[in-house]
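Asker: Going down the list, the protein sequences come from chains P, Y, W and A. Under this note's numbering, the first sequence has 104 at position 88, and the numbering climbs by one with no breaks. Under this note's numbering, the second sequence has 293 at position 277, and the numbering climbs by one with no breaks. Under this note's numbering, the third sequence has 133 at position 121, and the numbering climbs by one with no breaks. Under this note's numbering, the fourth sequence has 249 at position 237, and the numbering climbs by one with no breaks.
Mixed in with the good hints, there may be bad ones.
[As the list claims (entries may be wrong)] The calculated lysine to aspartate or glutamate pairs, modelled on DMTMM-like cross-linking and capped at a C-alpha distance of 20 Å, are:
#1 A/75 x A/90
#2 Y/115 x W/29
#3 P/213 x P/191
#4 P/221 x Y/191
#5 A/336 x W/196
#6 A/121 x P/191
#7 W/88 x Y/191
#8 A/117 x P/214
#9 A/167 x A/207
#10 W/88 x W/29
#11 P/221 x A/348
#12 W/167 x W/90
#13 A/331 x W/216
#14 Y/213 x W/108
#15 W/144 x Y/214
#16 A/181 x W/108
#17 A/181 x W/179
#18 W/181 x A/296
#19 A/144 x P/214
#20 W/167 x W/196
#21 W/126 x W/108
#22 A/181 x W/285
#23 W/165 x W/179
#24 A/181 x W/209
#25 A/88 x A/77
#26 W/181 x A/207
#27 W/144 x W/108
#28 W/117 x W/97
#29 P/213 x A/77
#30 W/167 x W/209
#31 A/240 x A/130
Honestly, the hints are just simulated from the structure, not real lab data. Predicted, not measured: the structure shown is a model, and the values here were computed from it.
Residue strings, one per chain:
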Amino acid sequence: MSVNPNKAVVKLLALPITWLVAVYFGSLALLLITAFFTVDSFTNQVVHVFTLNNFIDVFSDSAYFKSTLRTLGVATSVTIICILIALPMSFYMARIASKASRNILIALVLTPLWASYLVKVYSWRTMFTPETGVLASLLRPLGIDSPGYGLFAVVVTLTYLWLPYMILPIYAGLERLPNSLLDASSDLGASTRQTLKDVVLPILKPAINAGSIFTFSLSLGDYITVQIVGGKSQMLGNVVYQNFQLNLPFAAAVAMIPVLIMVGYLTAVRRSGALENL
Amino acid sequence: MSVNPNKAVVKLLALPITWLVAVYFGSLALLLITAFFTVDSFTNQVVHVFTLNNFIDVFSDSAYFKSTLRTLGVATSVTIICILIALPMSFYMARIASKASRNILIALVLTPLWASYLVKVYSWRTMFTPETGVLASLLRPLGIDSPGYGLFAVVVTLTYLWLPYMILPIYAGLERLPNSLLDASSDLGASTRQTLKDVVLPILKPAINAGSIFTFSLSLGDYITVQIVGGKSQMLGNVVYQNFQLNLPFAAAVAMIPVLIMVGYLTAVRRSGALENL
Amino acid sequence: MPTSAIELRGLAKSFGDVIAVNNIHLDVYDGEFLTLLGPSGSGKTTVLRMIAGFEPPTGGTIKLDGVDVTKTPANKRDVNTVFQDYALFPHMSVQENVEYGLRVKGVDKESRVKQARDALEGVALAELGSRKPSQLSGGQRQRVALARALVNKPKVLLLDEPLGALDLKLRQQMQSELKQIQRDVGITFVFVTHDQEEALVMSDRIAVFNEGKIEQIDTAANIYEHPKTSFVAGFVGSSNMFSSEVAGKLFGIAKSFSLRPEKISIDSSGSAERSISGLVSDVEYLGPMTRYVVDVQGIQIIVLEQNENDRFSDVSSRKGSSVKLSWRFDSEQLLENFSG
Amino acid sequence: MPTSAIELRGLAKSFGDVIAVNNIHLDVYDGEFLTLLGPSGSGKTTVLRMIAGFEPPTGGTIKLDGVDVTKTPANKRDVNTVFQDYALFPHMSVQENVEYGLRVKGVDKESRVKQARDALEGVALAELGSRKPSQLSGGQRQRVALARALVNKPKVLLLDEPLGALDLKLRQQMQSELKQIQRDVGITFVFVTHDQEEALVMSDRIAVFNEGKIEQIDTAANIYEHPKTSFVAGFVGSSNMFSSEVAGKLFGIAKSFSLRPEKISIDSSGSAERSISGLVSDVEYLGPMTRYVVDVQGIQIIVLEQNENDRFSDVSSRKGSSVKLSWRFDSEQLLENFSG
């Protein structure tokens, strides 16, 4: 069938291929084009004249440069922390837990997915409230100040939000890992730690990459969590948000930054076979 | 190793297990508890007295009931449309496209993930603008009115946003489908359409379930898309949003609705083996 | 002249620059058990897949029962296939798997349930119809795959190394069962394997494949007793092969030939047409037989001898001793094409 | 009395209610090639995995070189394993796979590169060190797995059906290679297989497993020639088995015995100690041998005869004819335990 795609297959594909080309990328192309337009400062209307000014503004103003770095830093931290938590947790679920408790653990990991995004973020706002929050009350007896609102709170909250999207692919990858590879490593004299480092981690790389695509992209676009628990911190999403009504072309140019970064990154990840695992 | 978890493994698991129990579910538990409190109408402070009033309010007011139905309807529609588009698209990518064009297609599917959430929603707002939007201009020559802002626009926009989260697991499932099963079905006299219906679809069920968990949960929590392209429509997320500052316990009770629905749904999905595929 | 169930004429298949099948002409007779035998990569499976309709040929024609089906899709050809990995549908029960071919042909529920039950009875699995394939052993899956194909009463049954995944004992048992089923149903079988013992036991005729071509096609006994090329002599069973130089040096004859190890007698008292002496350099006990390596003027000759009595202690003591090897002229099989 | 590389005393393993290994006592001698032979589920692989340290026994002790290692984890035991699926690390090159055991032991870079190269040379794969396992053929992977185990110079090498996934010709070639390597390195080999032909060719001694117990342990020749139970006689090679009733009816002796098909002569002119007549009901041509089924008063007796000459036309004409079967008394092997 893979050799002789017949008419039925082609007909079936007409709708999605149209969607893919016309809408899916059309929408992104529209954005790219808008970024090259400008806004009439009196009428506040978009003027359809080609200009590179938006990009020049973005890259020349150090505030935007810092926002970009901050956003990438947050997305990277969230992804790394998710990996660090998801790896042993998935390992426990897939390889150590009994079949019965495994199913319960999976259900537990998935349950918070259904709670409203806002509710979860506000829960964390409550945790991080300076002076009166849960964290402050817990840390005061230890003589430590609560970190309060800020980038730390943003990273913790986003990690909480996107963790299941990292656990699921890694768990699936671990389930498919042949037992004999673990036996072989142990047979050759490797300790558990060495086996995890030399055998399990490298084989899970595609699954980790797949999970990273999810957590990184979800963190990158966020501007609400940072508003609620980020204190005065700003991320690229906020810059886009603030400029949308006033200067759409400039907002579009800001929004293009992560796309450009990611096209490069994805090309690298794709080579490592991330997509076979998710 | 699965037989003899030793101390190194247990040590490695200490951090994530703590996270899982104390924080991951603690946060959800906090929410559940809050839903049973009330608010002093004068001081606007949460009063720590047990009451079922919030739940009674939620379930007795038909406006909230309608919101719940509307939210579930939107999330279900988005999930179903994502499945209908992702299935043939993934099939083309995994089984028909050449290796080179396959890699390009995957990169294209992933690229929009990196564009800011807001930018993508605003692109769609532009599309749906009544009278002057792209859609209106395209449909006018055909004598059709643009649907404008509303639930239809919400479903289209959310489908666009979450489609990659459905494509990736289905694509992975299709890549693992043995060619011999397709050959066998054809050998037994089945047409391409019959093979897709009787063999491919049932085998992809766990992958489709996994993708549905992603698209359903992401649609369920949304309240921004509906604000931007939804016109006057309201979803549960908006109700939660509006009540957060004024009446936290009530917002928590509203937020619990999808969790309760989902715990039931997940139990069903889990049995079908969704998690082995993602 | 028997009628042909399948006629292949100039059949060819290339994958890019690689020629997998090179101009094959082959007639498969009605009701026969034909084996396509060859090492992996010799093109035998590709020929089978082209007959089934899974691969379009890059050249030549395929006729089924006299009708050209070269461009007919797989689902319209009156052949069925038993796959190497069985290819049972994992989400269907055994009964549903067997019913599937009838279902897509529109056979009504009652009739197809009955036919599928009969087919499962034919492979002695009547009571396992409600199981899923994953709950079956390898041998049981193999039988379900067979029942699923046979229930459609195809003109020709194609079998792609169907016993490759089974244990030795089970494989031997399935060999007799398959042969028996073929006799009972009278359907033409085209069987692909790389196992020459299996081919010898089961086949009416064997086509030996090498590098995309048929090297020799004949009855099992003729292929074994009268190999035409050194490839066939070496691939089907083991052989002592003498190039014309070696034969000239040892026996004074300028012809290349092969000689089966079991045709050689050791220290035979009877009359022999050809004999030569050598030194036993190795003795290997194989159970029913013993395998000797005899050094004759620097050439290693392999000899197989049946262990008719408990002679293990005798035979191992032969190592290092000088022996006389002898055989009949008609055991020497002249080779048309000697290589290696 | 040779010294023991491995001593198993009262070794037992249960999975839940299922007893996989039942009170095994076994000494593996220094430098020998011992095969654990049995059908799947007979406990042979579980014994191997307990020796390797992958499964903790539920009873009994394991000594390696005189030291009790029952509670020692796998990575501290001086044994290495060749796995059935090879278990090569897919993300490492062939060279890195072979180096891995040395690397975790802290051998310095230069020395381990050299040792790994030598090991790869020993299995004739020196030039493929930079490939990934997925780029190798089945036989090559098998050799890499062997090199990866042997480079650590273990006290004992454990092999878990390492040839099961290979083609027949390749399997036969690897059998000789493995045997040769074992002789060269002088390491004790414990080899698990369900293939009795493989076991007969390769082993110094064979332990035949059945239902978690060792049914018989002896040299390959003794196992084949003198099976003690009907299970061993039936599993190792094929046998004609006579219960004491049948033997009484046919030969007037009240003892159960087994008789190998190749020990029986057909229409032999020489003197014989036991003879009986029957009717040839089936003739099967196997290449080097012919297999007859002879009906003797309702009992089917299998006879194997070497095809010493091109007698195929002769032998097939024997079908339906009356023949005299004869054998020597010492070919009759009394059975201690007759079942089925």
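Asker: Please flag the earlier hints that this structure goes against, numbers listed from lowest up.
Answerer: The structure breaks hints 5, 6, 7, 9, 10, 11, 16, 22, 23, 28, 29, 30, 31; every other hint is satisfied.
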